[in-house]
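Quick mapping for you: the protein sequence lines, in order, are chains A and B. Here the first sequence stands for residues 1 to 281, where the numbers follow UniProt numbering. Here the second sequence stands for residues 1 to 158, where the numbers follow UniProt numbering.
Keep in mind the hints are simulated off the structure, nothing from the lab. Be a bit skeptical, because a hint or two may be false.
Capping the alpha-carbon separation at 27 angstroms, the derived lysine-lysine pairs in DSS-like fashion look like this [to be verified]: (1) LYS104/B to LYS183/A; (2) LYS240/A to LYS131/B; (3) LYS104/B to LYS228/A.
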Amino acid sequence: MRKLTGAFMATLMATTVASADPVDDNLILNEETEIVTRTAAPAHLSDALDEVMSGWLFRGTETRAMQADDFDNPGMIFVEQAQEAWETAEGSEGKSCASCHNDMDSMAGVKATYPKWNEAAGEVRTLQMQVNDCRENRMGAEAWKYDKADAINMEAALASVSRGLPVNVAIDGPAQSTWELGKELYYTRTGQLELSCANCHEDNYGMMIRADHLSQGQINGFPVYRLKNTKLNGAHSRFKGCIRDTRAETYSPGSAEFIALELYVASRGNGLSVEGPSIRN
Amino acid sequence: MRISVISVAAMGLMASVAFAEEVLPTAVSFNDDGAVEQSLSGTAGDAANGRKIVGDKKQGNCVACHQVSDLADVPFQGEIGPMLDGAGERWSEAELRGIVANAKIMFEDSMMPSFYKTEGFIRPGNAYTGKAADDTFGPLLSAQQIEDVVAYLVTLKE
C-alpha cells in the first residue's frame with residue numbers, strides 16, 4: 001500500500017513542483033556584491049541534500065527585489081540604529097564597542113563563523129552571547145535580552161558587514177557535541193503533530209503547506225526583516241515559531257537547545273553567503 | 001399519559017447513549033493493514049460536517065497538506081500529501097478510518113499527523129500556544145469528527 005501511495009505521490013509531485021519550485025534568479029546586492037543563494041551541500045549533509053538554497057529563492061518577486069538594494073531594505077534602518085549603539089559608550093567602564101573594535105567594518109567575516117566555540121569560556125557561543133560577554137565583562141553594561149531589539153539590531157549590523165562571505169561554522173573539535181545535539185533536535189518529531197524540522201524543510205521544501213511556500217529553513221539570511229511583523233527577527237525566535245506550529249512545548253530563545261540548533265542549522269548552510277538582514281514574508 | 005411519553009423518550013435516549021459507546025483513542029483496534037473496522041463513535045458520520053472539518057483551519061485543516069477539487073472554495077490548498085480526489089474509490093471506509101485516526105500505522109513514518117491519538121508525543125503542547133500540554137489535552141479530532149470526515153472521504157469518487 002505504501003508503494004501505491006508512493007507512485008501516486010510521484011506523479012503528483014511531477015505535476016506540481018514546477019509551480020512551487022525555488023526561482024531561478026541571482027541576488028546581486030546594491031549592484032556590486034554577489035550573494036551565493038544556492039551551492040553544493042556541505043559534506044556532512046550530502047546524504048540528505050545535493051544542493052543548499054537560501055530562503056530568498058522561495059520568496060516572491062517583489063520581496064526578492066526589496067532585498068537587492070539597501071535603500072529598499074527596511075532591515076537597514078535597524079542596522080543604522082545599531083551603528084549608533086556601536087559608537088555609544090555605556091556601562092561602568094565608559095566604553096563603546098568602537099573603543100575596542102574601531103569601525104564596524106573590522107567585524108567583516110565574524111558573523112559567518114558563528115555560533116563558535118569559545119575556548120576561554122569552554123562553551124559554544126552565538127553572536128548575541130559574545131556581544132553580551134563584551135557588554136557585561138568589558139563594558140560593565142547590562143546584557144541585552146535575547147532576540148530583542150537591541151540585540152537583534154546589533155546582530156543584523158554585524159551580519160551586514162559580512163554579506164557575500166560564505167557561512168563557515170566549525171562543527172568538529174570541541175563544538176562537535178553541541179552540533180550533534182542540534183542535529184538530534186532537527187530530526188526529532190515534536191508536538192501533537194509529530195513534525196520535525198526535516199519533515200518540512202528537508203523532505204518538502206519547494207512544496208506549499210497551506211499558503212506557505214516551504215524553503216529549506218536556512219539561517220544564512222538572519223536576522224530577517226519580516227513583512228508580517230515589520231521588525232527584525234532572530235533565528236531562535238523563528239525556531240520557536242516553527243516548533244510551536246507542531247503543537248509542541250517550545251524552547252526559549254537563548255536556551256542551550258536553541259544554541260545547539262542554531263549551530264546545526266547554520267552548518268547546513270555552510271557555503272551560502274551571509275545575507276542578513278534579509279527580507280521574508 | 002403525558003408523563004409516560006416523556007419517560008419513553010428519555011429511555012430511548014438513554015438506550016442510544018448506552019449503545020453508542022465511544023472507542024477511546026487508546027483503545028482503537030487497527031487490523032494488519034492499518035484499517036479500523038469499528039465506528040469510533042457508534043453514530044453514523046455526517047458527510048456535510050466532515051467536508052467542513054477537512055477544509056477548516058481550526059479543525060482538521062487537511063487542506064494544509066492535501067488538495068481536494070470538491071473544496072475548490074477553500075483557498076491555499078497544500079501539496080505535501082496526495083490529492084484526495086477519488087480517495088473513496090481507492091480506500092474502503094475502514095481503511096479511511098484507519099488513515100485519519102492514525103496514518104502512521106498504514107504508512108510507516110508518514111508525515112501525516114495522527115488525529116485520534118493521545119499518547120506517545122515528544123513535548124506535547126497546549127494547542128498552538130507553545131506552552132506545555134495541560135489536562136485539557138485531547139485528540140486532534142473527536143470520535144464523531146473522525147466519523148464525519150470518513151463519511152465525507154467515502155463520497156470522494158472520481
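Okay, the hints, checked on the actual structure:
no.	hint	verdict
1	LYS104/B to LYS183/A	holds (23 angstroms)
2	LYS240/A to LYS131/B	holds (11 angstroms)
3	LYS104/B to LYS228/A	violated (34 angstroms)
Hint check: a violation occurs at hint 3 only; the rest are consistent with the structure.
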